Each structure stands twice: as C-alpha cells, then as structure tokens.
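Novice: Take a look at the letters that make up each chain.
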Amino acid sequence: MAHGFDAWVLTLTTFTPVVGLALVLLIPKVEEQTIKVVALVTSLVTLGFAIYILKNFDYDHSAKLQFQVKKTWIEMIHSNYHIGVDGISLPMLALSAFIVVLCVIYSWNHFPEPHNVKAFLALILLLEVGMNGTFIAQDLILFFIFFEIVLLPMYFMIGVWGGPNREYASIKFFLFTLFGSALMLLSFLAIFFKAKNGLGVHTFDIPELIAAGKGAMTHGVQLMIFGGMFIGFAIKVPMFPFHTWLPDAHTEAPTVGSVLLAAILLKLGTYGFIRIALPILPEAAKSWAPWIGLLAVIGIIYGALGCLAQTDMKRLIAFSSVAHMGYVMLGISSLTSFGINAAVFGMVAHGLITGMLFFIAGSVQHTFHTREMSRLGGLLTQAPKMGWILGFCAMASLGLPGLAGFWGEFPAILSVFSPAAGLNEAVFRAFMVIAAIGTVLAAGYLLWMLQKVAFGTPKDEWKDHEIHDVGTAEWLAWLPMLLLIVVLGVFPGLMFKTTDGAVKNMVDKAFHPNLSEPVGAKSSPSNSQPTTPTTATSGG
Amino acid sequence: MLAAILANPHIDWLAISPEVALVGTILVVLIADLILPERESWQTSRIASIGVLVSLVFVAVLATHDAVQPLFGGSYEVDNYAIALKGFFLVATYVTILLSIDYISEGDYYQGEYYFLLLCSVLGMTVMVSARDLITLFVALETISIPTYVLAGFRKHDRKSNEAAIKYYLIGAISSAVMLYGMSMIFGLTGETKLSAIAAKVATLPDSKLLAVAIFLSLLGFAFKVSAVPFHWWAPDTYEGAPTPVTAFLSVASKAGGFVAMLNIIFFGFGGKPNMWWGVVWILAALSMTLGNLTALRQTNIVRMLAYSSVAQGGFMLVPFAAYGIAQSHGNHEVAQSAFQAVMIYLLIYGAMNLGAFACIIAVARRTKTGAIDSFAGLFQHSPVVAVLMSIFLASLAGIPPFAGWFAKFTMFRSAIDAGGGAGVALAIIAGVNSVIAAYYYLNVVRTMWFKEPVEGAQPVQVTGALSAALVICSGVVVAVGVFPSIFGHIADVATKLSGG
Chain A
1 MAHGFDAWVL
11 TLTTFTPVVG
21 LALVLLIPKV
31 EEQTIKVVAL
41 VTSLVTLGFA
51 IYILKNFDYD
61 HSAKLQFQVK
71 KTWIEMIHSN
81 YHIGVDGISL
91 PMLALSAFIV
101 VLCVIYSWNH
111 FPEPHNVKAF
121 LALILLLEVG
131 MNGTFIAQDL
141 ILFFIFFEIV
151 LLPMYFMIGV
161 WGGPNREYAS
171 IKFFLFTLFG
181 SALMLLSFLA
191 IFFKAKNGLG
201 VHTFDIPELI
211 AAGKGAMTHG
221 VQLMIFGGMF
231 IGFAIKVPMF
241 PFHTWLPDAH
251 TEAPTVGSVL
261 LAAILLKLGT
271 YGFIRIALPI
281 LPEAAKSWAP
291 WIGLLAVIGI
301 IYGALGCLAQ
311 TDMKRLIAFS
321 SVAHMGYVML
331 GISSLTSFGI
341 NAAVFGMVAH
351 GLITGMLFFI
361 AGSVQHTFHT
371 REMSRLGGLL
381 TQAPKMGWIL
391 GFCAMASLGL
401 PGLAGFWGEF
411 PAILSVFSPA
421 AGLNEAVFRA
431 FMVIAAIGTV
441 LAAGYLLWML
451 QKVAFGTPKD
461 EWKDHEIHDV
471 GTAEWLAWLP
481 MLLLIVVLGV
491 FPGLMFKTTD
501 GAVKNMVDKA
511 FHPNLSEPVG
521 AKSSPSNSQP
531 TTPTTATSGG
Chain B
1 MLAAILANPH
11 IDWLAISPEV
21 ALVGTILVVL
31 IADLILPERE
41 SWQTSRIASI
51 GVLVSLVFVA
61 VLATHDAVQP
71 LFGGSYEVDN
81 YAIALKGFFL
91 VATYVTILLS
101 IDYISEGDYY
111 QGEYYFLLLC
121 SVLGMTVMVS
131 ARDLITLFVA
141 LETISIPTYV
151 LAGFRKHDRK
161 SNEAAIKYYL
171 IGAISSAVML
181 YGMSMIFGLT
191 GETKLSAIAA
201 KVATLPDSKL
211 LAVAIFLSLL
221 GFAFKVSAVP
231 FHWWAPDTYE
241 GAPTPVTAFL
251 SVASKAGGFV
261 AMLNIIFFGF
271 GGKPNMWWGV
281 VWILAALSMT
291 LGNLTALRQT
301 NIVRMLAYSS
311 VAQGGFMLVP
321 FAAYGIAQSH
331 GNHEVAQSAF
341 QAVMIYLLIY
351 GAMNLGAFAC
361 IIAVARRTKT
371 GAIDSFAGLF
381 QHSPVVAVLM
391 SIFLASLAGI
401 PPFAGWFAKF
411 TMFRSAIDAG
421 GGAGVALAII
431 AGVNSVIAAY
441 YYLNVVRTMW
451 FKEPVEGAQP
461 VQVTGALSAA
471 LVICSGVVVA
481 VGVFPSIFGH
491 IADVATKLSG
501 G
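Residue numbers (our numbering), protein chains in the order written: chain A, 1 to 540; chain B, 1 to 501.
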C-alpha cells in the first residue's frame, strides 16, 4: 500500500476531472473562454499527476501493483475501492490523460455544431473520469462502474454534435455496449460466487481472484463465465461480428469523439481481456483462444476489405480500426508474453496513430465540408503540411518499421507462430499467414486513401476556396502525438520495458503455473531486435 | 388470547407513535378544511407536510431506540425492517406532497380532501410494514388502496380520470376478494392468522393441492396490487388518467405497499414451502419484465411509458422473490438475506428515481399541458437543468452507473446468480436482456430532450419552489446512493439481520 501523496495520486488522476466538471458547470454558458481555460487546466493538472506516476513508477518491479490503495467501499457486497497501476495499466492511463489534453486543445477553435462549448467540454471531462478509472480499478465492481461511466458522455457526444445519421449511431453504440456490459456484470457475479480468496471469503478483488481463482471452478463453469465476459469485452474492442456499431459511431461522431473512441474507448475492451479475463480464467482462456484468434484474423481481413469499399475517408479509418484491433486480439490469443506485450504496444500505437488519422479527417472535413474521397484530391498542393502529416500517419498505420505501428503489428503476427503450450500450432500458424496477408491489404487501403486524398491535382470545385493549412491549435495538439509515434517507433524498449515484467508475471502465473521465474525478468521482445524479414509490413 | 389482550391492553405508545402522529394529522387536516375559507385551503398542504415530518421524527426516535417488543400479541412488529420502510414511505409521501402542492392548488380540486386521502393511504403503508398477521395485513392493504381509488378519479370532469378510477376500483376489489379467499384457505389449513405461526405450520404440512391453491390465490391478489403481468392492464389507463402526482404516488408508494405485503407473507409465512410458489413468481417476474418493457417501447405518452416501465421494474423486483424460492427449494438458506435486501434496496432506490422522473414531468407539463414524449423536444436547449436532471433519473432507471439504479439492478442480479441453478441463471439472463431493452425507451426520452430541436416558441420551464425541493431530494439520493451505495446497503443490512429475514 502506498503512503502520503503516493496514496492519493491515482485518485487525483481519476477525479480531478470531476472538479473541473463542477467548475465548468458553474460558469455561465456565455463565458466560453473561461470554460475552455478551466477545462484545459483541469486536463493539464490531470496529465501532471499522470506524469508524476510515470516518473515515480518502479520500472524494475512493473509486475507489482504500485500507488496501491484499498479502502472499504460497499461493505455489504464485499467490494472495495481498490486501485493501483502495474506495467500493463500504466501506459494506458498515461495515454488517456495525454490524449484528453490534446483533444481539449484541438477543440479550441474546432467546436462542432451546435457549438455549446460548456456541455461539450463537460462531457469530455466526464469521459476522462471513466477512462482513467477503468485503467486503475483493481476491483471488478469498480471496474464495471468506470467502464459504464464512459457510455453516457460518448452517447451525448455522438448524438448532439454528430453527423447527419447521429441518432441512429449513438443509440446503436449505446445498446451494443450496454448489452455486453450486462453479460459482463453477470459473469463478474458468477466469479464472485464461485471463487474464494485466501481467507475463504467471496471477493471481487482482481489480484485476489487471480491468486485464488484457479481450480476453484469446474471447466464448464469457467467456459461459460469467460463466454459472458468475452461478449462484453469483444463488443467494446470491437471484434468481428460485434463490430457493426463502430463504423457508424466513428463516422457520425464529432472529431474529438472519434479520437477518444479510437484512442481510449476501444482499449477498454482489450485491456479487460488482459487484466481480467485471461488471468482469472486461464483454463477457459486456453479453450477460447483459437476462437479469439479466428475472430481476430477474420476481423483483420474483413476490416481491410471493408476499407477498400469505402468512399468516406472517416469511415475508411473506422474500418481500419477493426483490422488493427484484430492484430491486438491476435497477440492476446497467443497467450504468450511475447504476444501480449505486442498487444499492449499495439493498443498504445493504434491509439496514437488512428487518433491522429481521425484528427486529420476532422480537419479535412472542417476545411472542405466533405470527407468523400472522390471529391478530395491534391491535399499535398492545397495544404501541404496537412498532406504530409496524413502521409506520415498512413505510413505509421500500415506498420512501417521505425514508427510505432510496426511494434504492435509485427510481433503480434510473429507471436502466433509459437502460441502457448497446449494450443494447436498448425491453426495458429494458419492465422499468422492470414494476418500477414492482412498487412498487405492494409498497405493497399492506406496508400489508396493517401492517393485519393493527398495526391493528384485539386478538383475544380475548390478553386475559389480559401484552404487553411494546419493552424496553431492543430500543431499544438498534433505535434506531441507525431513525436511519440516516432519516439516509440525508434525506442520501443521504452514501452516494452514497462509492460514486459507485468505481462510475463501474468502469463507465467496463468499459463505456466510450474515455472516460477523471478518477477520482472528481462527478456522483452525489444531485446530481440527483428532479424526476420519485414517485407510484408513495409508495403510503402 | 384475544381476551387476554383486551383485558390487559398494554400499548407501547412510542412504538406506534408514527401512526398516532399520522392519525392526528389526518384529523387536523379534515377539521382545518372545514374551518378554513376557500382561498386559504392551500394551508392543508402545509399541515399535511408538517404532520408527515413529525411522524418522520418519531420514526427517527424509534430507529435510535432499543428494540421494541412485538405488539398486539405478535401481530404487529416494530423491528428495524419496519422502521426503515416506514421512513421510506414517509419520505416518499413528503415528496409526493411537494409534487402535489402547485398541481392541486392550480387546478380546480378539493385540496383538503386530497391531502386527507393521501395521508390515509400512507397510514395504511406504515401499518403494512409492521403487519405480521393475515388480518392486519389485509386491513393495511385496504387502507392503502381505498383512498387511492378516490384519488385516481380526482379530476372528476375528465373522462379519462373517471375511467382510471373505475378500472382501478374494480380490479382492486376483485383482487382483494381473491386474496381474501386464498387467505381464508390458509387459515383453514393452519388454523392460524399470525405469520410466524403459519410459517411453522406450513413447513410441516404435506404438499397438497389445497395448499398450492391457497398460496396461489393469495399471491394473485398481490400480483394485481403490484401490477405484475398478466394482471397489469389496469395500470397504464389508471396512471394516464389519474392526476400526475397521484400517478407518482401510485407507481411508487402504493406499489411498494404491495411489495412489502409480499415480503411479509412470503419471507415470514411461506418460506418453508418454496416449491408451492417459486415457479409462479418466476413466471410473473419473467413476464412482467419482458412484456412491460416491450410494450413500453411503443408508447408516445410519457406517463403511459412510465406506467409500463413500472410494470417492468416490478418484474425486476420480483426476481429476488423467485431467487429466494429457488434457493430455499435447494436447501440453501443463505440467499434469504441477500434476496430480502435486494427487494428493500430496489424499493428504496426505485422510489427516489421514479418520483424524480415524475417531478420533472410535472414541471414540464405545467407549461406544455401535455404528456406527449414529443413535448420534451429540445428541452436541453431551453431548460438545461431540468433536462439534465430528467436524464439522470432516466439513466438511473435504466441502471447506468454512477446513478443509484445500477445498485438496485446489481443486488437483484446478485440474488438471482446466488440462488444459482438453471432457473436462477436463466432469470438473471432474462433480466439482463431486459435491462438493455429498457435502456432503449428511457434513452428515447433523453434523445428527444437533447438531440431534437424545440418546437417554435417554446419557453423555458419554470420550476416552482416545491418542485425544486422534490427534485433536490430525489437527485441527491440518486447520485449519493449511486456513488456510495453503502448508504442504503447499510440500512438494508441492519434491517434484515435483526429481523431475521
């Protein structure tokens, strides 16, 4: 348990936005400038706390929960306010705090109709509470609450500030997720009643359940509970065939909504797999892994083909999310530390890269009032800076080595070459081949989009239009992301160093109970620099 | 026994002080209405609310007081469970009075009689929670019901209100008769009217068709009272026709009265013979949730929508009863407490969020004079505070954290999963699917408020002082309990442990 300020810092990271939210609500609607400043300061302070955690985190013991706090919350149902971060949650928490700041900056002069600065920023802050909270929760009920808190703000964001088809998209997003979380909650309850902690007491505590859950349930019960959770998390990821809400939600959402959705909200699902489903129900995970892998590769191919059929730039990026999250799930389905490290890396990389792509799509829409690729073209001559940034992000997204995208995608594919013991190698190697084909398709659709939007000569209809290139607010919001994409691409060890200890510890406990390697042993994939050919990923 | 009581009528006045305070208030209201001139008759609302608060003070005194012995030969208990629910009913009534003040004084209504009838019904509720005897139970139920028949028809120049009253009265009378018939059979089988004695006898009786019919008929009576499907069809018409504050009262307090009666009779009476009733309750729960929600989807009038939603919410509240029966039939007695708690917590939370939603509806309808869901269009643009509050109440009804409704649903799910077995898990899954269906129509109202353009010339909604007080109380409870569920959890915990439920 942490002491002093360390005991408070996670709580502050989560609930500072509530203070900002209250302030924003108190300021009259017309004082837009004040509201913006308050929201920005709040998100910066929150980021400050996150940076404090990044700085003081003990990277040599990343498997250990740090800044841990455990206080009684709902005594009657044995649920505690148990929070803490380890190497898996830390990058996600930092990403969340980071992206929110950039979203507030980007919003500065990009408020979508019907404007209403006050409500828009209030919702972003509320969203941040749910996102940060999910990544620090170490109690199933607490996790569930935070997981659900993000629903309403995103629903309103899509429904009020979204595109023409916003009402349909918002309710679809809401009902899909709610259905998943209802099943998830039932699964949590089933775990509660089936498992007991070391003292023989029923518990919702995640670390206690990981330590004690094994063997407490019959295989059949584990399979059913895992199934309930699987649907809950898979809808959020989203995995094929639960993905249909995603293209609609992304297409209709305002730019900032799309960014937050892609960068953070989708990760709540994959994070749930890594944090809860795999370690608590390892036996069931092994039985489910081939199916997860199968759906993941279907998602990769289906998402890619879906991209090729789009005419709307934003919808194309949305479908590319389905494909990219497929790689993350493929890494997870290998049940190896190699694959799961890649998955966590992929989550952060996808958050940055796809987040950036949505920002650009938003700015394109802001400038041209359309995202139809047939009407666009020649962005490089109209707005060269934006064009180059789009090119850069497309390269990062298709997994060019040296940029962040590569380290999520390539090791994930490689990891299924030798999945965890007990999984059928032939099946997983088939997945590997299919996933590799997916990368070619990814190169195809991203370059196709680039060609349609950035290359060529501008259409005549834009002749008399004044085209704005990247402005100050955009630079401020985008530069940090672009830098991180490069930094993580060149020094992937920064991330792998953080995650590896925690991932290895989790995998060893769950899937190699007999091995007792020291916690935090160093054998990250970053040390095994790629010696394998990278032709498949370097389509550009 | 009776002779002994009559010969030595020892009455613990403190134990029944809340009821005495209510009776006193009822008389004062009646007399005040006679004396006060027409334009001063709004004073009766003030008298009524003060009386309710005084009664509430007595409840608070009882809560801190040592345990009270059973009264009237064990047919009347003032244990923690009873005290907690008395508090709930009185607070719910106070909020109902707040909702009524402007509505009743602005319309052409008899004010004194209105508050007189309301308080009589509440008196029945406070008696109901203490009733541990079939006869007391029945008398309490009738005391709750009869004033509400009149209240439902209070808009006497409106045909819909007349229809509401007639339907409600006929159904109420029939259900009372059916229930009384069932109770008489139970008396015939056991020779007892006291629930504890019945419980002891019933557990030893052999399973017989007569016993099954007796239990079935008494449960049917309650099914009418709590408007469980297929005995629900009076509810939408009655809710729509009755004055809106009365509808709020019917859907919260009066419904809760029916559930309390069920808690008493099932947990204190029939617990030993679960096989005789859990199947019936399981079917009632599943049907109420599913049909209530599916019908609510199609409603265009917000009061009718909430009527069907309250049918569905009643179905959710029946789930713990079924869970208790399932667990009892497996010989698992640990579920009793969590099921009992689940019903209590659900009642408390449902009361706060439903009254809150009605407070918003009354506030909006004061200006729009209609109950159409479309009349809420664009509310967020011209009256953001009411829109946000209404969204909170609806989100809570849908069970979305961090608003209290999630905890109600959670405890309900918990009891079902805890009971286990195919039947328990199946009911939990039905409830899970239903909570998603319900979210659709609750969010439909939210969507109308936030995403639609207001009709031309829409003016901001004016919220009167009394209505804002009601809104503050309800939203305070919904948010506080949502974030710190221990507040109600603790009440339910203490109440059930000490009453041995």
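Don't read these hints as lab results, they were simulated from the structure. Note that the structure is predicted; figures quoted are calculated from it, not measured. It is possible that part of the hints are untrue.
Below, in silico cross-link-like pairs of lysine to any residue (SDA-like), each with a Cα-Cα straight-line distance of 20 Å or less [unchecked claim]:
(1) LYS194/A <-> ALA480/B
(2) LYS194/A <-> VAL221/A
(3) LYS172/A <-> ALA336/B
(4) LYS452/B <-> GLN337/B
(5) LYS29/A <-> SER486/B
(6) LYS71/A <-> THR300/B
(7) LYS463/A <-> HIS366/A
(8) LYS70/A <-> THR11/A
(9) LYS459/A <-> LEU476/A
(10) LYS452/A <-> THR381/A
(11) LYS452/B <-> VAL221/A
(12) LYS70/A <-> SER486/B
(13) LYS452/B <-> PRO114/A
(14) LYS71/A <-> GLN462/B
(15) LYS71/A <-> GLY220/A
(16) LYS452/A <-> HIS512/A
(17) LYS29/A <-> ALA480/B
Novice: Would you mind confirming whether the straight-line C-alpha gap from LYS194/A to VAL221/A stays at or under 20 Å?
Specialist: Answer holds: LYS194/A to VAL221/A is near 9 Å, not above 20 Å.
Novice: Straight-line Cα separation of LYS452/B and PRO114/A no greater than 20 Å?
Specialist: holds, 11 Å
Novice: Holds or violated: LYS29/A with ALA480/B, Cα cutoff 20 Å?
Specialist: violated, 26 Å
Novice: Does the alpha-carbon distance linking LYS71/A and THR300/B stay inside the 20 Å limit?
Specialist: violated, 46 Å
Novice: Against the 20 Å threshold, does the CA-CA distance of LYS29/A and SER486/B hold or violate the hint?
Specialist: This hinted pair is violated, its Cα atoms lying about 35 Å apart.
Novice: Starting from LYS452/A, check that the Cα of THR381/A is at most 20 Å away, please.
Specialist: holds, 13 Å
Novice: Would you check the hint for LYS70/A and SER486/B, treating anything up to 20 Å between C-alpha atoms as holding?
Specialist: holds, 16 Å
Novice: Between the alpha carbons of LYS459/A and LEU476/A, is the straight-line distance 20 Å or under?
Specialist: Distance of about 30 Å is beyond 20 Å: violated.
Novice: Is it true that the CA of LYS71/A sits at most 20 Å from the CA of GLY220/A?
Specialist: Judged against 20 Å, a Cα distance of about 34 Å means the pair is violated.
Novice: Next pair to validate is LYS452/A with HIS512/A; report whether the Cα-Cα distance is within 20 Å.
Specialist: Roughly 49 Å between the alpha carbons, so the hint for LYS452/A and HIS512/A is violated.
Novice: Given the hinted pair LYS463/A and HIS366/A, is their Cα-Cα distance within 20 Å?
Specialist: holds, 17 Å
Novice: Can you confirm whether the C-alpha distance between LYS70/A and THR11/A stays at or below 20 Å?
Specialist: The given pair, whose Cα atoms are some 11 Å apart, holds under the 20 Å limit.
Consistency with the previously given hints fails for numbers 1, 3, 4, 5, 6, 9, 11, 14, 15, 16, 17, ordered from lowest to highest.
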